[in-house]
Structure formats: structure tokens, C-alpha cells
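Whenever a hint applies, use it, and build me the whole structure from the sequences.
If you read the protein sequences in the order shown, they are chains A and B. Each residue of the first sequence is one higher than the last, beginning at 1 in my numbering. Each residue of the second sequence is one higher than the last, beginning at 1 in my numbering.
Derived by calculation from the structure, the hints in this document are not laboratory data. Fair warning: this is a prediction, and the values are worked out from it, not measured in the lab. Glycine is no exception: its CB is placed at the ideal position from the N, C-alpha and C atoms. Where hints are given, some of them may not hold.
Not everything, but these chain A residues come out facing chain B in the computed CB check (under 8 Å) [stated by the list, open to error]:
| id | residue |
| --- | --- |
| 1 | ASN73 |
| 2 | LEU158 |
| 3 | ASP379 |
| 4 | ASN409 |
| 5 | LEU413 |
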Amino acid sequence: MGETTTLYRAKKIQATPSQFYQPGEILIKNGKIRAIGNSVKIPNDCKIIEWRNSEIYPGLISPGSSLGLAEINALRATRDLSEVGTHTPAIEGWVAVNPDSELIPVARANGITHSLIIPMGGMISGTSGLLQLHGWGIEEMVIKKQVALHLWWPGHGLSIPQPSLKSKTKPKSIAEQDKERIKRITEINEYFDQAIAYQKLKRSGDQSFVLIPSWEAMIPIVEGKVPIMIHADESRQIKAAVQWAQKRGYQIVLSGARDSWKHADWLAENKIPVIFRHIFSAPPHRSSPHDYYFKAPGILARAGVPLSIGLPLGGWATANQRNLPYHAAHGVAHGFSREKALASITIEPAKACGIDQRLGTLEKGKEATFIRTSGDLLDMRISVLGMVMQGDEVSLESRHTRLNLRYLNRPKL
Amino acid sequence: MISSTRAFLFIGLCFCLLKPLYPKTEYPYPGDRPSGITLHAFVGGNIQVTPEKKIKGGTLIIRDGKIEAVGKNLKIPDGCREWNCTNQTIYAGFIDPYLLSGTENPKFLELNHDEHVHATADLSFHGLPSTGQDPGEKGPGFEVSGVHPQRKLMDGLQAEEKKWGELRKFGFTSAHLVPSEGIFRGTGPFVLLSDQEPNELILKNEVSQIIAFDPVGKNSSPPVYPVSLMGVLSVIRQSILETKYANERVRFEIKNQVNLRFMPHIGIQALSRSLGERKSMPIWIEPGSCLMNAKAMEIAKEFELNNPVIIATGDEWRNPEISLSPHHDYILPMIFPTIPDLPNPEDWEQVSLDQLRAWDHAPSMARLLNEMTRTISFTTSETEPGEFHKNLLQSIARGLPENSALASLTTNPAQICGVDKICGTLEATKLANFFIVAGETYFTENPKIESTWIQGRPFFHYPDNGVTDSNSTQKIKEQTSKLAQHPSQLNKPVLRPTSVLFSGFKLWTCENESILLDHDILIENGKISKIGPKLKNDMPKGCQVILGKGRHLTPGIIDCHSHAMILGRVNESTLPSTAMVRIADVVNSESVNIERQLAGGVTICNLLHGSSNPIGGQNAVIKLRLGESPNKLIFKKAPKGIKFALGENVKQANWGDKYTTRFPQSRMGVKMFFQNRFGAAIVYEKKLKNAAVKGLPFRRNLELDAILEIIRGKRFIHCHSYRQDEILVFLRTMEGFGVRVGSLQHVLEGYKVADEISRHGAGASTFSDWWAYKFEVYDAIPYAGAIMHERGCVVSFNSDSPDHARRLNLEAAKAVKYGGLSEMEALKFVTLNPAKQLGIDPWVGSLQVGKDADIAIWSGNPLDYRSRCVQTWVDGVLFHEIEALAKRDKNRADERLSLVTKAQKSLKKDNSIEPSEKAKSKFFHYSLESACDLYPHSCRSNENHAHCLHQ
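Shown next as C-alpha cells:
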């Protein structure tokens, strides 16, 4: 982190989603923002950097990916994104990140400065950590370890499978399936109750206490110190999950949240943060409008739901994290304001990760992590020209820029 | 009794009426219970002689199993056993023309879009009979899985007393038993539903050759050709061609007195009876889906078959216009989906309009078919007789006339089975097949059938299912009317003007000039007729005017790589070369993706086979003319094409450790494989020429036909490719055969060999920025499009996904971002350039006088995320308009809501008959046309690599 004071001057600085300075100046020291405005007071021996025709935005935060956990999704040897077991709260996502993954600089090159690294597999898959997408090793890169526990809410769908010749088992009746989904929620309750019992026993100092890592990992959760990110898409799941959390008094973030827009007012009323990952999903039914999910962010934001936009989770989306701004941008033609779209990839995910005191906007006292663009960040035609992370300029070179240069310079045949 | 071998020689004449049919023996053995006498008179009842003719208080006389006389005031012969039929009605015995048999639990073909399976094909390359092996069917005959036209269900015939007894209780007396396995399934006999020994049952040894569009190969382990619907259609074509060739060759050799003549195998012998001039064995087709009905009729025409009887699915409401024909007879199953009792209100969100429509249309299908086809017949297959009866009544309540219902159960099936001389009515000389019901009519909730007579032998029914007299007179319950719409009612063009002037737009012509501000463009008869700054004075009479108000107008977007409107599997993944399969056979005109992609400005899609084999199937370039039939979607001027593929997919690299035996397994082998098939095609061509010169019969091979077209420059290759080495080797290999490649698809490392691609003259159709989803795309870079463009390649960005196809304009914008192309050049990546790659640029791809009026209108700059496509025109017809679409969406939402309400109400009132498992599960079954929309057909949005073979 530079000891010197540096001033960046730009055509426009988007300090927060609603506030911009045009022109703008931003003064940084020791990795922090000292001042920001149209024109700030410049101390002596200040280094001045002119980004005259550029715009400055806060670094973009991906609210969930497998960056560093999956390199080439088709190759099993390069996948570390999910683990065996249905309840593995002690699993931590950040510990298996390959800091030299080629995918990380590629994401960074389009302005993604941070990503939440979410472990997958089973119903309780473990805890996520927030990673800064630059650094020599994972300890340097991880800036918050236990961001949330990940609970993948059980499915609530009903089906009558075709009775097939091959399988001898009779398909389950709808009544049976209904019973099962109630049972699954009971089982989740029981798991959390057991964790509470463990915590009580531990506190009591009773000699029967044995330390078990899985239950240890649950203690900060049941104590409410770490929120729960619940992955749920369908209305039925979302309602059940939110009601469950309210009953138990847990702080949650909804992730996936495909049908959340149908309950926008209710979610806003209950102040449930939502990470919407389905803007490009196929509409659920053939009869659903083509823009069914394009409209969703606008509906959620207008209702007042704290809204982040993310990519779908899993291996295939890992290489495409650089397109995060375009997932947010796509809602804009469909009723999502540009301001909310910007918030959904900066300050909102920072809040969802509990790190908004440090990241998410460009304000005095916050971390000097921002990007330089040639124009509107949400526009696909612009380029990201530079990045400053904790006050230091970071390279935007990647496998892609290297290969581009190499073959641009191939002599013509 | 005629033996089966003799019967084989007397095809078509095999009625077994030569010997006394009843009694069984002239004189009973001691200990046998003697049969009753064979002379009966039924007196005083109503007699429904034919569906139209009813005699009140008539007499029916039968002797020796046949009807002797029927009428009013007949003289009753002496010695007659008299039956008092007062207050009873006599009906001709019902006939089931399609009683599925042959396996323990036979089922209708239900085409669906089930999970992909992969194959280790050890077959000959093209699914033709091979030497040495016996790959498909065991034993002699065609050596392709499921092709066994020689099979006769009669061979193992046994009375199925349990099932047939139930049918008799509802008045059925005879049936055509049909085989239920395979593509060419063979024949089944027409039988009496009696309890006698097999010889006594058969009225006709064979009725028809049954063909089903069944991708049977997927049932094998490992799967074999064909696993896809398009594969099935190719198998049908090739099998018919094989048969035609064999017959020609036999005739040729007889004429030329060849010694040791060619002997067609038993499969060909059997199939020959349905072809040629005699056509003694009719063909019936079970297509398995609404759109495939049309395909069945088409194939019949293609090969000059007699109009086949079509086995309907009950899904014909999706597109009655093309799936029903007044020139064909239809058989309709009576399986109605049942509304499930869903526990929570939210559960209804899961229920789609499509499912509700299928449920609501079901009772109206009989009437619809009755009105739109030559004849319909009903089958009880896969229904319980009680359920069948209930559904029949519902169909009548929805407007099927009672006499039509009767005809569908008697005279129509008799006629299509070729037994109308002996069955179907109660006229003299016909078989004494009938049943007697209490009261005036059979069409009541619980008809009380007293007895069923088969060939003059009675089966008495006792009211064992709680039938009471009061029930038997109950009238048909009034049913609710149909609410569901036909999709075609909504999928209509918004506007179809003969001429239209777009005035004051920003025109992106995608020609040499930059964006033309405040310009006009005049469309006449579907073509661009003028472009200029002010064309008001050029307007013809009645010309529509659309004002630009600063909006942008571009050519329609062309997607050079799509799988979004394909029925069944996108991959015939079994054989390494499937050049014979045709996407054009399986275009899904009912796909919702047409509407959704029009809403993104797309007007043309290149529908491609997947990439699971080095030589894939033939492509289809379609125009998104929403609401038109599959054949009318096809862009007829587009040059023919074919999908090829290289690399990981074709060597099965990501299919799992089991798949290591199909050739090729390495990129070395891929090259050799092409040389092999092209070499084979050249030899084939020589034979073809030789045959033509000498007038010899020629054995056509649909695989080599297609490859030969490539060599002759009449079919463009669109080759899935990734790595620079494989791209180069492929281009060189093709150059060796004098072939110019149409387009390299994906071509993610094309930027490394851009000069070579440019020199060869292949187009490069790539992704904007996808990479790293598998090893061979680790070096993919988003700058690739720009680099290839700068070095002279014709570059396009394609979707390869129904999602991306909705926003290809924004994908194009990335060519500005990565590599700094001008906005017009970037837009050409999704307009003019793909048109060039497909060879359709003389007609589409840019705004030029004389070209087709395929146009998209945008609220702002099409490369800006804030813009939306507001109108899409194809051939001067407005198919997408943003407000019209919103209205359509609202209509559908309203329709769905009213159907949900109706469904919920129906649950409360109706619980009379417990629906069969089949009826319950049918509600959850997706028809082929709708199921195909549930799969994204792209690796890029799916975790399961099994879905991604085309990528």
C-alpha cells in the first residue's frame, strides 16, 4: 500500500449509485479514500494521475462464484467446487481457491474486484469467503472468511413420474410427496436444534462434551453472528425459507431467488436481501412472456428489496464472471433503473457480504478500490482501462490479453 | 383352417370363412360339454343395424355364427331359440382397430425429449446392412435396430381372457392386435375377442404393416442407431429404398436371366408387400406426436405409399391444420389427462398453460378429428374399459354426434381393418357379433349390457360392478364447454401489408455506408423496393406508413448456430457419420423459441445437428415465420448444408471412461475418418455413374448421397471446431477433395490461423466471449472475432443457445469492446456475415433494394443495453410487435387463470371413476413439441455436460 498520497482525476466519478462527480477527483492514501468530489484539496507532494477521458466506478463485487475452485469445468481434475455430504458446515470455500487460476485475471479485466466464493454440494454446503481478485496467495486475497453459511433449500416441486417398465418402484403419490416436503423442513429444524443443544452442552462444561468440528462450525450460525444464505428459486421454497428464518430469528440472504419478484413487497417489508441470479434463465413455462425474468430486477428494486445481481452458481458460470455488469444492465431496458443496476453489483453485494463499511462505494474512509472505464460501465461497448485495489494499481493483463497480443503480431501469411 | 404359411401366400385373401366356424367340431367327443344350438332369434328390441339405421321393435335372426336376417316383422324360423328383447337395444359388436399387444405392458409411442444417451457404435457407419456382424436385429432381415417388418404377432397368438373379458363387458367383440415394439413393427392379426383356442380367433392373419417413429436404439445398452427422431426418419427412408432396390434388382436379374439370382431377405420380402404397384399390405403409422402426423403423411407421399392410417396422440389440438387431413383415416386413443389434486395453492404455479390446455382439449379431440379427417376410430389401448366409456361420453357431451361415435366403434374400424364385409354392422351375412344393452341407448353413464355375442356365441354379463337400474337410465351429464385455445389462434402475424413505408429511421444498412440518418425504406410484396431520404412520393396506393421517430432500423438478425427449434434429440450420437439424418425432418414450428427470438430481432436461424460425431446431420435454415408449418418455416433458397465436428466431442473425450472404442478416439483418427467417408463417396459415385450408363439397378445410400453432394459443391459444411491444428488439418483435408468449407463453427482458436482460414475462404462463426468450459477452449479469447475480421475472414457471432439468441445484438456489441470494431461492422457479425456464411446473402442480411424485407426496429441504438427490439418483420410481414406481444402474453395469462379455476372446480365435483395411473401421469407428460423447449441445448447454461454434445 502506497504511503504517498495520490490524486486521480477523471471525467466522471460514480461515487455511489446515486451520486457522481463530473469532473471528479479522488484522493487516496494508505489504501483509503481521503477525499472525493468535483475538486478536492490537494496536499503537497501528492502524485497526480490524469484519467481525463475516463470514468471511475467502485470495484464490482460478484455475490457468488466458483472462481479459483473450477478451472475447466469439463475436467474433473480442475474442479474443487463441491464436496460430498449433505451437512458440511465446516467446509470453507476460500481454502481451495487457486490464486493463479487463469480465470481470475480475466474476471478482473472487466472490473470485477471481488467475488464471494461459495462452496457447493449437499443441503448445508459450508461457509463462503469474500475474495479480492488480486494477490500473491489466498491468505492475502481473502478479506472476509465466514461471510455466510449456505443452505440449499429442499425442492418443493411435485411430480408424477411415468410408471416405467424398468423401475419396479411405484411412483410416489402427490399426498406422499406433500408429506415429504414437510418432513424435510422438520429435518432442517432438527439439525439446527441439535446445533443449539451442542452449543449449550459446550457452555455447560459437562464432561460428556466432545468437540465436533461440524457442530463447532454451526455455533456462530445459531448465535446469529454469521448470516445464512438460503438458495431457493421457487415461490414455495422462498416462502417456506423466509418463514422458517423468521420463526427462528435468523438473518438471511436469499440467493437464486428466481420467483422472488412475485413476492417483492413481502420481501421488502421483511427486509430480506435478495441475490437474483436468473435474468437470463428461460421463462418457466412456454406461456410465460419472453421478458419474464428481464423484468424481475426492476420489480424487486422498485418494491425496495435490497437487491444484488449475480450469475448462476456452478462451474459453467465461473469463466463468465466478467459479464456481471451485463447481467445487471439487461434489466435496465425492462424497468430496472440504472442507479439500482449499479447498486446491485457494488454496494448491495457489499452489504449482503457485510463489508459495506469498507467496499461498495467511493466515499471518504472507504477502501480505495475502483476501476477506470472508457464510458458507462453497463455499456457493452466500453473498455475497462485500469484498476486500483487498496490504493495500488493492478494489472489488467490476462491470458486473453496475452494471446491477443501474440496473435495480433503474427506476421501476415 | 388355413395354415399360416399358406396364408402368407394368399395375402389379402385370408379370411377364414371357408370352414364352418361354429360349432367347433361336428360332433362332440364323449365328456365334452356340447355347445348350444346355433339358431337364434332376438325379438322385440331396438336394433341399431348401422350407425345411421335403427329399427324399433325389430327382429334379428342368426344362424351358424352369421346374421341370417334383420328387420321388422320377420318370420321366425322353426326351431329357433327365441330371445325376448323388449326394452333392450342391440348394437353391432364394437371393434378395436389398434389393440396394443405383443409385450406384457404395451404402450403407445410417446415421443419426448428425454435425456441424452451416448453410444459406442460398433455398427457399420451408415446403418446399412453390414457384412460379418449382426448388429441391429438378431437373425436375418434388416440389420438396423427396430426394423423387423417380417414379424407377425399372429405367430404367438393366445387369447388374453382377462383383458378381453373386460372389453366384452363393454360391447367389444373383435380387435386388430398390433405389435408395440420397433420402427417397422410387423403385422398383427384381426381377431375375435373370444375365449377359444387361437385358430378359432383369427379372422385375418395380417391387417397392416405398423410403423412407429420410435427411437428404439436408446433402449439398447449401449445405445445404437437410431436414438433420435431424425434418425428414425432416416431409417424409414433407407429401409424403403433398400426394398425398392432389391425388387428392382430381382426384376432386372429375372429379365436378364441371371443364374444364382439375388435373394431379398425376409425383411425386404415383408416390406415389399407395402410398396410398388400392388401395395397389398397397407401401412399404418404411429407418429407419436402432433407434428409427426404431418411428417408421416409426407413420407407416404415421398414414397408413393397408400395413404396410411394415422394413430393420433390426442395432442392434435396443437396444430390441427397440419396434423389432421381429410385424406387419412385416424385412430384416436381415449386417454384423457387427469387434473391432480394439488395440496397448496402455490403448487398451481407449477402447472403450465400447456398442461391445462391438453387437459381441457382432450374431450374435444374426437369431435375435432371427426370433423377434420376422413374417418376416425377409437382404441381402448392403455385405458380401462370403464374409463374409455366415461371419456367417450365426455366426447359426445363436447359435440361428437352419437352416430359418429358409433361409426368410430364399428363401421370405421371395420373398414380400415379390411373386415367391413364381415364386421361392423348387423346386416345379413355378416358375423353375428353384437351386444344387447338394457334400455334405449348404450350412451349412458352405466350402460347395463346383458350379453355380448361373438360369432353367435353368447357371453352373459352379470351386474358385478354395482350397476343398478336407476343408473342405467341416467342421461349423459352436461359437461363444461371448452375454454382452452389452439396455439394457432394466438400465433398470428400482427400485420401483413402489401406495402409499407418506414419513414424517418436511422438505417443500419450493413452495406458500405455508415448509419443513414432520417432515411426511408419502402417495402413492397415482401421485398425492399426503395431506400432513400424521402420516399413519400413513391408510396403505392394503400401503403402503410410507420414513422421512425428517431428509432433505429436494421436487417433482421441471423443466428448461424442454433438448436432451438428441433424436435427430439439434437444429436444422433450413435454413428460416427450420420450424414443421412435431416434437421428439416424435425423442425419444431410449435417452439416458443420462435416467438422469443423474434422478440430479440432474430429473423433467420441455422438449425444444426449436434457435434457428437465427425459427420453430423443435414442442417435446416429457417425463417421465423411464427405460426407457419415446419415446411413453410424452411428458407427454401438457402443452399443445403451439413454439420461436421472435430475435437473433444467427436472423440468422446468428455463422455466418461466407458467410451473408448468408437472410431475416432483422437484427432489423428478424425482426419482419417473424413478421408474414409469421402473416399467411400467417390467409389459410390463411380458405381452410380456405371449403373446409370448400363441401366443397372442402383442401391442408394443416403449417407453417401449427402457426402457426394458436398464433394460436388452442392452442400456446405458447417464444421464445429476449436483448436488451431484441427482447423488447419480439416481445411487441408477438405481441400484435398476440392471442397471449400462453408463455415467453421465456434472456431475459438481461429484467431491463431486467421490467414489460413481467410485464404481457404471459410466463414468463421464464433461466440462473443465464451471460453474455458472445456480444455480445447482454454485459449479462446474475446478478441478472436476482431482478429479474424481484420485478417479478412467473414466473421459472425452465433447463439448456440435459446437464451443468447434473444440478445444477439448485445453479443455483437462485444466486438466493439474487444478489438475496437466499428458499430456497423459489429452489427454485421449478426446480420450480413452469417448470411454470407450460409450463402443466403443475395436475399437477406443487409438492407438493399431487392432483398427480402427481414427487418428489426429498435427503440435506440441496437448495441446499447437500454434499447429494445420493438418490431420484427419477416418477408414484409410483422411478426413481432412489442405491444401486440404484451397483449398476447396477457391473453395467455388470462386463459391460464380461467383454466386453473376450472380445473380446481372440476376436482371438487368429479370423483366417480378413479383414473388410471396412465391418465394421472399423462397430465405430467410433456408432448414432444413442448418438451423440446424445456432443454436449453447449450453447455453454457447447463451443468450437465451430457446435454452439451453440440457445443
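Going through the hints against the structure:
1. Given hint, A:ASN73 at the interface with chain B, holds; its Cβ is 6 Å from that chain's nearest Cβ, closer than 8 Å.
2. This hint holds: A:LEU158 has a C-beta 6 Å from the nearest C-beta of chain B, less than the 8 Å allowed.
3. With 8 Å as the threshold, the beta carbon of A:ASP379 comes within range of chain B, its nearest partner Cβ sitting at about 6 Å, so the hint holds.
4. With a cut of 8 Å, the hint placing A:ASN409 at the interface with chain B is violated, because the nearest CB-to-CB distance is about 11 Å.
5. Because the smallest distance between the Cβ of A:LEU413 and any Cβ of chain B comes to about 4 Å, under 8 Å, the interface hint for this residue holds.
In summary, the one numbered hint that this structure violates is 4.
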